[in-house]
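Once you've looked at the hints, dock chain B against the given chain A.
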Amino acid sequence: KQEVTQIPAALSVPEGENLVLNCSFTDSAIYNLQWFRQDPGKGLTSLLLIQSSQREQTSGRLNASLDKSSGRSTLYIAASQPGDSATYLCAVRQGSGGSNYKLTFGKGTLLTVNP
Amino acid sequence: SAVISQKPSRDICQRGTSLTIQCQVDSQVTMMFWYRQQPGQSLTLIATANQGSEATYESGFVIDKFPISRPNLTFSTLTVSNMSPEDSSIYLCSATPRTGPLSNTEAFFGQGTRLTVV
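Protein chains in written order, with this note's numbering: chain A, 1 to 115; chain B, 1001 to 1118.
So that you can see chain A by itself, here it is in the shape it has in the complex (with noise of 0.2 Å):
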C-alpha cells in the first residue's frame, strides 16, 4: 500500500526566504507526482506536475524534484511572499496493480510566511 509522508508539517519563515518541503512515497511504481496548494477551507490547486521519468518542473518561483527510485520529492519556493502561505500537498498517482489510477496524498506542510 502507497503511503505519502510530507517534512516537515508545519514552517513557519520570514519573507523573502527561500524554502525547501519534502515528500516521501514507499511505493516507486508512480506515473507522476503532484504538488498541490490549498488555502483554509478551499479545495486545491495544481502547483506542478513531475512525470515519472522527469526530475524536475519548474513554474515561476517553484521547483520540483523527483527521485522516483529512492522514492522522494522536494519543492522549493524561492523569495517567499506572506501570499504564499497555505497548505502544500504532495500526492503520487498509482501505477500498478488496478487502481484505477488514484492519488494518494501526503498531509501536507502548514506554510507561514510572516511579512
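There could be a bad hint or two in this list.
Stated by the list, open to error - Straight-line alpha carbon distances no greater than 25 Å define the calculated BS3-like cross-link-like pairs of lysine-lysine that follow: (1) B:Lys1007 / B:Lys1065; (2) A:Lys68 / A:Lys1; (3) A:Lys1 / A:Lys107; (4) A:Lys1 / B:Lys1007; (5) A:Lys68 / B:Lys1007; (6) A:Lys68 / A:Lys107.
Quick caveat, the hints were computed from the structure, so don't treat them as lab data.
This is chain B only, laid out in the frame that chain A set:
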C-alpha cells in the same frame, strides 16, 4: 486543463438528512473522483465515479452511505446519506483529463463543499 464547479460551497445540515453535491466540469474527462477531507487531515478517496456504471468505492466507503451518479463525461453527484456529525468534512470533486499517456495526467479539483452536520 479542466475547470470544475462544485456546489453547494457549504451547508449546515440536520443529522439524519441527506445532501447531494454536484460537480460540473467544463470539458469531457475520463476520470472523476470524490474525496473527503476531515478536519485537520489530508484527502481520502471515497470512490471513482465511472461514466455509465456503478462507482468504484474504496475500503471503508459504501454505496448506501455515499451514492454516486455520473450520467455523462462532464457531470457527477455525490450524496451523503443519513448524516451524522462525524460526516462533517470538506468533500472535493476531482477530474483528470486523459489526452495522452497516464504519466501526463494532471488532477484538477473543485473548490470543495464544506459540510457541517448538527
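- Message: Run the distance test for B:Lys1007 versus B:Lys1065: straight-line Cα separation, threshold 25 Å.
- Response: OK: B:Lys1007 and B:Lys1065 at ~19 Å, within 25 Å.
- Is the straight-line distance between the alpha-carbon of A:Lys68 and that of A:Lys107 25 Å or less? With a Cα-Cα distance of about 20 Å, the restraint between A:Lys68 and A:Lys107 holds, given a limit of 25 Å.
- Query: Is A:Lys1 close enough to B:Lys1007, meaning Cα to Cα at most 25 Å?
  - Reply: violated (32 Å)
- Message: Hinted pair, alpha-carbon criterion (25 Å max): A:Lys68, A:Lys1. Please report holds or violated.
- Response: holds (16 Å)
- Message: Check whether the Cα positions of A:Lys1 and A:Lys107 lie no farther apart than 25 Å.
- Response: Holds, at about 16 Å.
- Query: A:Lys68 and B:Lys1007: Cα distance at most 25 Å?
  - Reply: violated (37 Å)
Checked against the numbered hints given earlier, this structure breaks hints 4 and 5; the rest are met.
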